[in-house]
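Enquirer: Using the hints, position chains B, C and D against chain A.
Number of protein chains: 4
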Amino acid sequence: MRVLIWNEYRHEQHNEKVANIYPEGIHRALQSFLETDDISVETATLDEPDHGITEERLVNTDVMLWWGHMAHHEVEDHIVEKVHQRVLEGMGLIVLHSGHFSKIFQKLMGTSCDLKWREADEKERMWVVDPTHPIVEGIGEYIEIEKEEMYGEHFDIPAPDELVLVSWFEGGEVFRSGCTYKLGHGKIFYFRPGHESYPTYYHEGVQRVIKNAVRWAQPVQRDISTYGNAKAIEEIKPKG
Amino acid sequence: MRVLIWNEYRHEQHNEKVANIYPEGIHRALQSFLETDDISVETATLDEPDHGITEERLVNTDVMLWWGHMAHHEVEDHIVEKVHQRVLEGMGLIVLHSGHFSKIFQKLMGTSCDLKWREADEKERMWVVDPTHPIVEGIGEYIEIEKEEMYGEHFDIPAPDELVLVSWFEGGEVFRSGCTYKLGHGKIFYFRPGHESYPTYYHEGVQRVIKNAVRWAQPVQRDISTYGNAKAIEEIKPKG
Amino acid sequence: MRVLIWNEYRHEQHNEKVANIYPEGIHRALQSFLETDDISVETATLDEPDHGITEERLVNTDVMLWWGHMAHHEVEDHIVEKVHQRVLEGMGLIVLHSGHFSKIFQKLMGTSCDLKWREADEKERMWVVDPTHPIVEGIGEYIEIEKEEMYGEHFDIPAPDELVLVSWFEGGEVFRSGCTYKLGHGKIFYFRPGHESYPTYYHEGVQRVIKNAVRWAQPVQRDISTYGNAKAIEEIKPKG
Amino acid sequence: MRVLIWNEYRHEQHNEKVANIYPEGIHRALQSFLETDDISVETATLDEPDHGITEERLVNTDVMLWWGHMAHHEVEDHIVEKVHQRVLEGMGLIVLHSGHFSKIFQKLMGTSCDLKWREADEKERMWVVDPTHPIVEGIGEYIEIEKEEMYGEHFDIPAPDELVLVSWFEGGEVFRSGCTYKLGHGKIFYFRPGHESYPTYYHEGVQRVIKNAVRWAQPVQRDISTYGNAKAIEEIKPKG
Chain A
1 MRVLIWNEYR HEQHNEKVAN IYPEGIHRAL QSFLETDDIS VETATLDEPD HGITEERLVN
61 TDVMLWWGHM AHHEVEDHIV EKVHQRVLEG MGLIVLHSGH FSKIFQKLMG TSCDLKWREA
121 DEKERMWVVD PTHPIVEGIG EYIEIEKEEM YGEHFDIPAP DELVLVSWFE GGEVFRSGCT
181 YKLGHGKIFY FRPGHESYPT YYHEGVQRVI KNAVRWAQPV QRDISTYGNA KAIEEIKPKG
Chain B
1 MRVLIWNEYR HEQHNEKVAN IYPEGIHRAL QSFLETDDIS VETATLDEPD HGITEERLVN
61 TDVMLWWGHM AHHEVEDHIV EKVHQRVLEG MGLIVLHSGH FSKIFQKLMG TSCDLKWREA
121 DEKERMWVVD PTHPIVEGIG EYIEIEKEEM YGEHFDIPAP DELVLVSWFE GGEVFRSGCT
181 YKLGHGKIFY FRPGHESYPT YYHEGVQRVI KNAVRWAQPV QRDISTYGNA KAIEEIKPKG
Chain C
1 MRVLIWNEYR HEQHNEKVAN IYPEGIHRAL QSFLETDDIS VETATLDEPD HGITEERLVN
61 TDVMLWWGHM AHHEVEDHIV EKVHQRVLEG MGLIVLHSGH FSKIFQKLMG TSCDLKWREA
121 DEKERMWVVD PTHPIVEGIG EYIEIEKEEM YGEHFDIPAP DELVLVSWFE GGEVFRSGCT
181 YKLGHGKIFY FRPGHESYPT YYHEGVQRVI KNAVRWAQPV QRDISTYGNA KAIEEIKPKG
Chain D
1 MRVLIWNEYR HEQHNEKVAN IYPEGIHRAL QSFLETDDIS VETATLDEPD HGITEERLVN
61 TDVMLWWGHM AHHEVEDHIV EKVHQRVLEG MGLIVLHSGH FSKIFQKLMG TSCDLKWREA
121 DEKERMWVVD PTHPIVEGIG EYIEIEKEEM YGEHFDIPAP DELVLVSWFE GGEVFRSGCT
181 YKLGHGKIFY FRPGHESYPT YYHEGVQRVI KNAVRWAQPV QRDISTYGNA KAIEEIKPKG
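Residue numbers (our numbering), protein chains in the order written: chain A, 1 to 240; chain B, 1 to 240; chain C, 1 to 240; chain D, 1 to 240.
One thing to keep in mind: the hints can contain errors.
What the hints assert, rightly or not - Where chain B lies over chain A, by a calculated footprint (3+ residues, C-beta under 8 angstroms):
id	segment
1	102-112
2	116-128
3	141-151
4	163-175
5	181-187
6	224-232
Said to hold, decoys possible - Simulated DEER-style distance windows between Cβ atoms:
id	chain 1	residue 1	chain 2	residue 2	range
7	B	Tyr202	A	Glu48	56 to 64 angstroms
8	A	Ala19	B	Thr226	29 to 37 angstroms
9	D	Gly138	B	Thr226	47 to 55 angstroms
10	B	Gly138	C	Thr54	55 to 63 angstroms
11	A	Pro238	B	Ala71	29 to 37 angstroms
12	A	Ser40	B	Ala71	23 to 31 angstroms
13	D	Asp223	C	Gln13	39 to 47 angstroms
14	D	Ser40	A	Gln13	47 to 55 angstroms
15	C	Ala232	D	Gly138	26 to 34 angstroms
16	A	Gln13	B	Asn229	32 to 40 angstroms
17	D	Gly138	A	Lys231	18 to 26 angstroms
To be verified - Simulated crosslink set (BS3-like; lysine-lysine; CA at most 27 angstroms straight-line):
id	chain 1	residue 1	chain 2	residue 2
18	A	Lys123	A	Lys82
19	D	Lys237	B	Lys147
20	C	Lys17	D	Lys237
These are calculated hints, taken from the structure and not from any lab test. The beta carbon of each residue, even a glycine, is placed where N, CA and C say it ideally should be.
Bound-form chain A, shown alone (with noise of 0.2 angstroms):
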């Protein structure tokens, strides 16, 4: 299995306070432990020729991890192009954070995708609503984390295929927090928390759903469906 992880890679660079808790990126955060015996990890970020996503890399893709936030706009259209395509043909989709406002996310949801938000180190318990699917395997009745970011509804996604964690927010808000969707031949797992302010991503917890997601999203072996003009497969009578 094959595992690429796109991440803007700006606030380690420039803030202090993040390079302090990601030193060497989110990505390699995450890198560090998705990567296991059968799944080998790539990484990518944004300021690389062709944001480090080219033609042969998304090929040989199987789940792709994406997280930006300030930077969405710099994304080529033609690389969110190619990635949406190849969503389509069947590769998965993490999209992570403050990627719910990138060019990909909202190129697969057709919505604005927008949201509440508010940065008061605040504390966020994400309930397990959905105790049959395998993103939270392994994980108790909620996940808590002490301090993040808070994101409120309405979040303007369509409503989930399946809606799996529900947030509460110290702050009085809610929010559907791990959300998966089937588009064309790929799968998709919007996941809510990984505020770059916050060591988020060393949490166990959250490290789990992410390594279950990764394999969940894993497409499926079989062929692409075909499209466009086909032969009858049954005889059709003549009509007057």
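Expert: Just chains B, C and D, lined up with the frame of chain A:
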């Protein structure tokens, strides 16, 4: 209630067979059965300035119908953008038949919206699979159409929020023919039948479904949600 | 439109605190805001013969409301059977608060309908997560209730067809508080608030949701589907 | 992984035609293709004590398959209760063909589970409508069965969580043939084909779907949720 019917209106002007069926255009055929005491209907077509879709008209439209086929690419992106925005603000949208490949439907769905098709004077039988839905009020167990174009699965759309009708085709295919979606503050209904070379929009059952759909799709009266930075409602405890 | 409100009506007769809030019973409080020119409302309670749910009444009911709590087990199975049958035939059903544990709701859901609970004069804030839904017409971004019983996840129900409202509770939990289902030919709405020891059903927002839900749940006018042995519509070829 | 196949096992013993197709019973035919290095399979039949479904066996079953037809009413209610309980605790359940009318399926669905049917040596073509689903891994665009019993809509089930397969029938009907549900902590898959008088369970495509479904339905490893009275996690302010 104010309805706006958008029609590409090309086949009817350039193809004699189609002109014989819809001499004043598909939009006029739709208008004639939609207009009632409490529903006012306007029409717009591709070759009008701004495709007949002015800002003012859009703001005053509760539900829009969309029929297009051979000239999807001629619909200008900034107009699509405006229609998209209005759907997210609450305008209902009924996408008919070959409108599956329109820019607006693709943008809302996030997928290719591709499918199988065949023009072969084929019998179609649309079965009601959700008998609770207001869209099938007054409809029997199925709607039979003597001759139609075939559309077959896989239909590359997100799993509909509600699947209302499923078509059987003489040539051996099935199709999800009546699909609802909710995106932003707007409701969308995709309805399959209506190939230009058949008199489908004179079919009583087809008309009833479209009439029902228009009522179902009207906007709910409430303020649009607010987004962005939000003050805490509850007190947040200072943390270490 | 004919509405039947069913209420256990025990707390109000045996508990002074509750009697002070709902002196004529919860059913009368519900009736007083539901009755309008085009909606006629009757009530029924546990201790009437057949719990007030006669065959004739059921046949003439479009939408039924159900409030029960301490005496779910006293509701006779053959009455539950009849209500269940009527829902499958198209009658709408609004299940309120502790009705989550009623026999009829469990029978319709197929699950335990269990949940977490706590009586602690707790603040509840129900957030709208589906702004397109007619059930939240006229409702702002949330409904706040100063003091309520807490219900917390995991709520053991099937994933709702539509999730409309999600509650935040002061004590740290979340809950899927407004859930729609379609079963057979009937529509069901579960609505969380309404503990007997709080004046919740006098809350304007709560009343509005219930009023909207009653309209949403009314049966669609069409014949009930036919089942059983069916003649072929198309010719079936003899096989070897 | 431990699988338990339950079969009514009456047709095979009393009907020569069926006995010729499944001489050792449908359960043995299913067992023969399900058993692998990492899946151990046991079988149980109606006429065994407790229908072969002992407490101990249930506790040790990860996924159960259910085939029944003429003797649904002979399955004892207390056994149905136990199977139901185990599904809510996490056991997967694959309900096959005429099992749609079994007590356990009706209890889980909350509806009548009724449908149209016809025995007429009819061609069936099951189309994949969800190409992302692990249940159709290795399956082409459709599965064709030369001769089967027809099942037709309306199928009186709750809208499935996921609709995976839709059948076309020669005689003019369609049917939702592959449906997933999640109830309690368990996953359910209803799979239409498998009338006793046809060799359907020897069909490679049908076998592949059942094999995939068994893997998909296995329980997620996490503690069962806790229910009932819950202590506050956060401080609740005293109110007036």
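Enquirer: Would you mind marking each hint as holding or not holding in the structure?
Expert: Evaluation of the provided hints:
no.: 1; hint: 102-112; verdict: holds (count 6)
no.: 2; hint: 116-128; verdict: holds (count 7)
no.: 3; hint: 141-151; verdict: holds (count 3)
no.: 4; hint: 163-175; verdict: holds (count 4)
no.: 5; hint: 181-187; verdict: holds (count 4)
no.: 6; hint: 224-232; verdict: holds (count 8)
no.: 7; hint: B:Tyr202 - A:Glu48: 56 to 64 angstroms; verdict: 58 angstroms, holds
no.: 8; hint: A:Ala19 - B:Thr226: 29 to 37 angstroms; verdict: 34 angstroms, holds
no.: 9; hint: D:Gly138 - B:Thr226: 47 to 55 angstroms; verdict: 48 angstroms, holds
no.: 10; hint: B:Gly138 - C:Thr54: 55 to 63 angstroms; verdict: 30 angstroms, violated
no.: 11; hint: A:Pro238 - B:Ala71: 29 to 37 angstroms; verdict: 32 angstroms, holds
no.: 12; hint: A:Ser40 - B:Ala71: 23 to 31 angstroms; verdict: 46 angstroms, violated
no.: 13; hint: D:Asp223 - C:Gln13: 39 to 47 angstroms; verdict: 41 angstroms, holds
no.: 14; hint: D:Ser40 - A:Gln13: 47 to 55 angstroms; verdict: 54 angstroms, holds
no.: 15; hint: C:Ala232 - D:Gly138: 26 to 34 angstroms; verdict: 32 angstroms, holds
no.: 16; hint: A:Gln13 - B:Asn229: 32 to 40 angstroms; verdict: 25 angstroms, violated
no.: 17; hint: D:Gly138 - A:Lys231: 18 to 26 angstroms; verdict: 24 angstroms, holds
no.: 18; hint: A:Lys123 - A:Lys82; verdict: 37 angstroms, violated
no.: 19; hint: D:Lys237 - B:Lys147; verdict: 68 angstroms, violated
no.: 20; hint: C:Lys17 - D:Lys237; verdict: 21 angstroms, holds
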